[in-house]
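J.: Just add 40 to wherever you are in the sequence shown, counting from 1, and you've got our numbering.
Since the hints were made in silico from the structure, they are not lab data.
Please note: incorrect hints may appear among the correct ones.
For lysine to aspartate or glutamate, the following DMTMM-like pairs were computed, each having C-alpha atoms within a straight-line distance of at most 20 Å [what the hints assert, rightly or not]:
#, residue 1, residue 2
1, 174, 305
2, 140, 104
3, 78, 369
4, 329, 378
5, 140, 317
6, 140, 110
7, 329, 106
8, 78, 406
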Amino acid sequence: MDSKLDRRQLLKVAGVAVLGASLGSCARATSPSRHFAKVNVSPERVIRTTVGLRPFRRSGFRLEVERFDETTVVHNYGHGSNGVSMSWGTAHLAMEEALKTGETRAAVIGCGAVGLATARLLQRHGLDVTIYAKDVPPRTTSNMSAAWFSAGIGGDTDMRTPAYLAQQRRAARLAHRYFQDLVSDHYGVRWIERYALSETLPAEPSSPDPLGDLAPENVQLGPGEHPFPRAYARRFWTMLIEPSRYLDAVLRDVLLAGGDLVVRDFDSLQALLALPEALIVNCTGLGSKELFGDDELIPIKGQLTVLLPQPEVDYLIGASGLSMIPRQDGILLGQTWERGESSLEPNATEAQRVMDGLTQFFADME
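Could you build the full structure based on these sequences and the hints that come with them?
T.: Following this line, the structure appears as structure tokens:
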């Protein structure tokens, strides 16, 4: 019997091993030489507040083919808070459906992370692509995203089907692999540690996470094994995407590969179907509620308070309604989650909660 394991097997074995170790004693602390710079949280350092509406869909993202006479529409939307993370994965699935049509030209509707990834993959398979979009970077919902890689399932628990879960897991693995190819200053993608914090030890899972290996070096830390003002910290590595750099770079790739960009809004399905392309990939997010009558779509408002950059801060945190994400264009403070709220005006109460919570957090940090 061959004793060698391929990389995927090794990752799975390692993921299970780490899971097992994490449920026992917290034996692996952060390195004594590891320095955690504190974030200077102060109203005087606030440079902007961003607000975005997550396109949440109760049964999860929609990856489906719909036909209208001579036009084929491939739907690829409804990712909720995981649009940037899942973009390349669901783009790959949408590409597979698009290629079945045999068309050589495609219209991609939407110019956020999902639309751009879809356009690039279609181009890589020889299709001529035109992107039609109402908003383009830096004015897309994706530009407002926190944008660290998360293989979040999406949707409401009671609405997820086994078929959807299998599709989501495949898309997450594809997306994770595609993003690894983009790790560079050029695309604004890098590996970074994240710490998920809690006052109580997380409950033991009933079964291993099928996507656990997408969070390498996943270790549970206990009191005294980390510098944060919470009892427990789960440490793992993830990828951080800088939307301002990343979206511009991918859009540039689309244009350099011969793609076209048309800034246009569609006020009806009839206007959309009047396009010259017989193949349309719909990546409109919340726009699909009006265009295609999808009543499952719900806006979930999120906002981020952005502080002046601190290059020395090189880790992410998430702690019971609070988050911190260090990017080159600023330190992002969150998190907010207002289901059903469609206003793009900042919520002053939520902004104050986040500022107060993280001011205290970093004051208490060792």
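J.: Quick one: which hint numbers does this structure break? Sort them smallest to largest.
T.: none
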